[in-house]
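**Q** Chains X and G supply the protein sequences, listed in that same order.
Taking our numbering, the leading residue of the first sequence gets 1, the next gets one more, and so forth.
Taking our numbering, the leading residue of the second sequence gets 1001, the next gets one more, and so forth.
Note that these hints are calculated values from the structure, not bench results.
Watch out, some of these pointers could steer you wrong.
Pair ranges (Cβ atoms, derived) [claimed, not checked]:
hint : chain 1 : residue 1 : chain 2 : residue 2 : range
1    : G       : A1077     : X       : V38       : 46 to 52 angstroms
2    : G       : S1201     : X       : S201      : 37 to 43 angstroms
3    : G       : R1155     : X       : R140      : 45 to 51 angstroms
4    : G       : R1110     : X       : V154      : 37 to 43 angstroms
For clarity, every value in this text was computed on a predicted model and none was experimentally measured.
From the three backbone atoms N, C-alpha and C, an ideal C-beta is built for every residue, glycine too.
There are 2 protein chains.
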Amino acid sequence: VTGLRASFDRQLDSLRGQLVIMASSATSAVAWASRCLVSSELSVAGQVLDVASELTEARRSVESRTFELLATQQPVASDLRLAWTSIQVVGDLERMGVLAAHIAKIMIRRHPTPVIPAPLTDIVRAMAEVAERMAWLLTRVLEVRDPALSAEIVRADDEMDALERQLYQIVLTDWSYGIAAAVDAAQLGRYYERYADHIVSAAHHVAFLITGKVGGGGPQA
Amino acid sequence: VTGLRASFDRQLDSLRGQLVIMASSATSAVAWASRCLVSSELSVAGQVLDVASELTEARRSVESRTFELLATQQPVASDLRLAWTSIQVVGDLERMGVLAAHIAKIMIRRHPTPVIPAPLTDIVRAMAEVAERMAWLLTRVLEVRDPALSAEIVRADDEMDALERQLYQIVLTDWSYGIAAAVDAAQLGRYYERYADHIVSAAHHVAFLITGKVGGGGPQA
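Full structure from sequences and hints, please.
**A** Here you go:
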């Protein structure tokens, strides 16, 4: 191990620290977005938009640093794959922030009319709970590098898909809240579901970051 | 210029050729998706799904080849940026295929009921036309490397955004086709609009591929 090699590894570790911070922000973003749907607090919706902007900024910063690292350190093939994987993960984390912001914007657009009609209260609360739990699991995966947590994430994603189907079912049968509320509810379901998809994608990439470290196989790319 | 350097440049050019082919496929995908909305031909919808799968395969293949290239050729910093940019563009092209497939799937799900109620016929036809024109412009940008075409793409994207707003307006006022058709129409509008967004994003990256070649500024990343 050369001095350059060790320095490169240290910098990759610092990138991983940045990923943990971003995952934690993406968790807060969806938690606040869900809260503002229920409470109609515009200030909370505003916080979601702020966090989403911060995540975009963080994504750009990680990309730039990764490039500088690659350009100055003569990386080997496995370094390139690790760097590439980190960049995939920050892309997913940024998208999670954007989707939380989409949820908050639905609430802002309809304010002060509440977004969630009574028949959807339980489902949206359940989707919010699953999204937050999955985001928390992703943060843990980044922190403790335990690939078993990925299986939990996949199971939770199945729950989310089932909840989205239930939401559509309610909107498409016995709906008496008008077209605008139906369209918003369908979008809302879609945003939570895509938020969860990005967590699955990020966890998949992180699994490679972990196994890649000990010489495991590459990602499906 | 060393032999390695020249070989690397040749391989990057071959990657660009691959991008042109993908852009052309992504254009066909949206053209066929729009056609199947009007004609209700399931076989055409099936073609869209096939092209979307091919685009995913092509994206993976470009990513792998780019990695091999980087790992075996000791690239300099500008090579890394070019490779990174190519990978961004193939990601956008893949997403364009996925969005065309989403459009086709709406038609498949409702078949044999037509997807487009009379009041939306003109708007959806216009969105289809703008999407196809933008995709064609993107293919041209990749072929002839004329950054002026990017300005046309941005203008067309503004048209698309305006059309999406009109579509929502119609769905949310004077709608007599039921909730399911309203939700589908809103999704449809969203898919065309996101398809257009990925073209703007790809064109932005391609502008860097062009200017990057002659020492221009980097992308906003």
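**Q** With reference to the structure, classify each hint as holding or not holding.
**A** Going down the list of hints, with the structure as the test:
1. At roughly 49 angstroms, the beta carbons of A1077 (chain G) and V38 (chain X) sit within the given window of 46 to 52 angstroms.
2. Between S1201 (chain G) and S201 (chain X) the beta carbons are some 18 angstroms apart, a value that contradicts the proposed interval 37 to 43 angstroms.
3. Checked against the given bound of 45 to 51 angstroms, the beta carbons of R1155 (chain G) and R140 (chain X), roughly 46 angstroms apart, stay inside it.
4. At about 30 angstroms, the CB distance of R1110 (chain G) to V154 (chain X) disagrees with the hint of 37 to 43 angstroms.
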